[in-house]
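In terms of the working numbering, the sequence shown has 1605 at position 300, counting the first letter as 1, and numbering is strictly consecutive.
Some hints could be false.
[Unchecked claim] Cβ-Cβ distance ranges computed for the label pairs, FRET-style:
hint : residue 1 : residue 2 : range
1    : G1581     : N1397     : 36 to 44 Å
2    : E1427     : K1366     : 40 to 48 Å
3    : N1380     : E1478     : 20 to 28 Å
4    : K1350     : K1461     : 19 to 27 Å
Keep in mind that the hints were calculated from the coordinates and are not lab data.
Even glycine gets a Cβ: it sits at the ideal position worked out from N, Cα and C.
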Amino acid sequence: MTVQQQFVRFLVIIISGIIIVSCGSFDSSKETMFRSDLQNTGVIKNQSPINKRPKLKWEFKTTDWIFASPVIANNKILVPVTNGQFFALDMNSEKLWEYRANGTLYSTPAVVDNMVYIGTMEGRMICIDIENGQEIWQTATEGKDGVYASPKVVDKTVYYASSDGHYYALNRESGEVFWRVDTGAKIFGTPAISGNNAFITNEDGWLFCVDLQSGKEKWKKQFSGNILGSPALTDTLLVFGGMNGSIYCLSQNSGETVWQFGTGHAVSTAPVISNGTVYIGSWDTHFYALNLETGARKWQFECDDQILGSAALVENVLYFGDKGGNVYALDARNGLEYWRFKAEFSVSCTPLVHDGVIYFGSQDRKLYALQ
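Can you build the whole structure from these sequences, using the hints too?
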C-alpha cells in the first residue's frame, strides 16, 4: 500500500461517520437512500425494534474493509467494499452478482426504480441495474477528487457532493449534468434536502443553502473549524456537528444559530432527529440526547471508544457502532443499554434494521447479520 493510499484510509476512518455511515428506512419496492430520507433524519420507519440481545445469523466475508452501509432493495442486500467490489446478496448471504468499480467505494448507494447510484473515489457517479449488476452509465466529476458523500434522488435528478468541492445535479436516466455549484472546499458530508433547498457543509466550515432547481446560492454561513459531517433537518431547523466539538442548530430560512452545544471532542457523525430530540455521537466516546428546541442535554451514554459512525433509530431504540468494534442498542428515552455486540474491528457504518435482522459492516472485512 502506498503512502497516499494509507493517508486516504486514515482520512476515511476520521470522517467515516459523515459519509458512509448510514442507511435508513425505505419502501423496498421503490427506493432507499442514505439516512433514510432526503432530510437525513436517520429514522427507520415501518420496522420493529430489536431490543433483546440478538445472535449471529450469518457473516459475509469480503477482501477489504467495509465503510459504506449496506442497503436493501428488491430483496437484495447491496454491499460496497473499499477495494471497488460491489456485491448484491440474497437475504441468506448468497452472492447474486458482483460489480467491479474502477475505484474505491466509500459511498452508500441510493436505489430508485431498479437503478442503483453510487460514487467512487476516482470521481465518478455510476448507475447500475439492480437486477443484473450491469452498468447503465457513469459520469465524471469536475476533477479527480473522490465522492465520499452519498447521492440523493428527487424525481428525475440525482444530487450528490464531491471532494472536488462541487455539488452536482444529474439527469438520473442519462447521467447528463444539469448544473453544479462550487463551494470552494472539499465536501465530505451528504447534503440534506428540504422542499426546494439543499443544505451543504464543506471542509472549510461553510454551510450553504442552495436552490435545488438552479443551484444558486440563497445564503451561506461560516463556522470555526472543519465541518465533515452531514446535516439533518426538521421542518424549520437544521442540525450538524463540527470538528471543533460543537453541535449546532440553525434556522433553515436564515441560517441564524438557535443553539450550540459543546462536546469534549470532534463530532463527525450525522444526528438522528426524532420526537423533539437530537441524538448524536462524539469522538469524546459519549453519545448525547439533546432537546431539539433548546440544546439542553437530556442524557448521555459513555461508550468504550470513539463514535465515528452515525446512529439509526427504530421506534425507541438507537443503534450505532464505535471505533472499538462495538455495536450498541440503547433506549432512546433514557440512554439505558439494551445490548451490545462486539465485532473484530471498528464499526463505522450505521446498522440497518430490516425484517427483524440487523446488518452492518466492519473493518474486519465482514458484513454481519444479527437476529
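Hint-by-hint comparison with the structure:
1. G1581 x N1397: 36 to 44 Å: With a Cβ separation near 40 Å, G1581 and N1397 satisfy 36 to 44 Å, so the hint holds.
2. E1427 x K1366: 40 to 48 Å: Given range 40 to 48 Å: violated, Cβ gap about 25 Å.
3. N1380 x E1478: 20 to 28 Å: For E1478 against N1380, whose Cβ atoms are near 24 Å apart, the range 20 to 28 Å holds.
4. K1350 x K1461: 19 to 27 Å: Once the Cβ atoms are compared, 25 Å apart, the range 19 to 27 Å for K1461 and K1350 holds.
When each numbered hint is compared with the structure, a violation occurs for hint 2 only.
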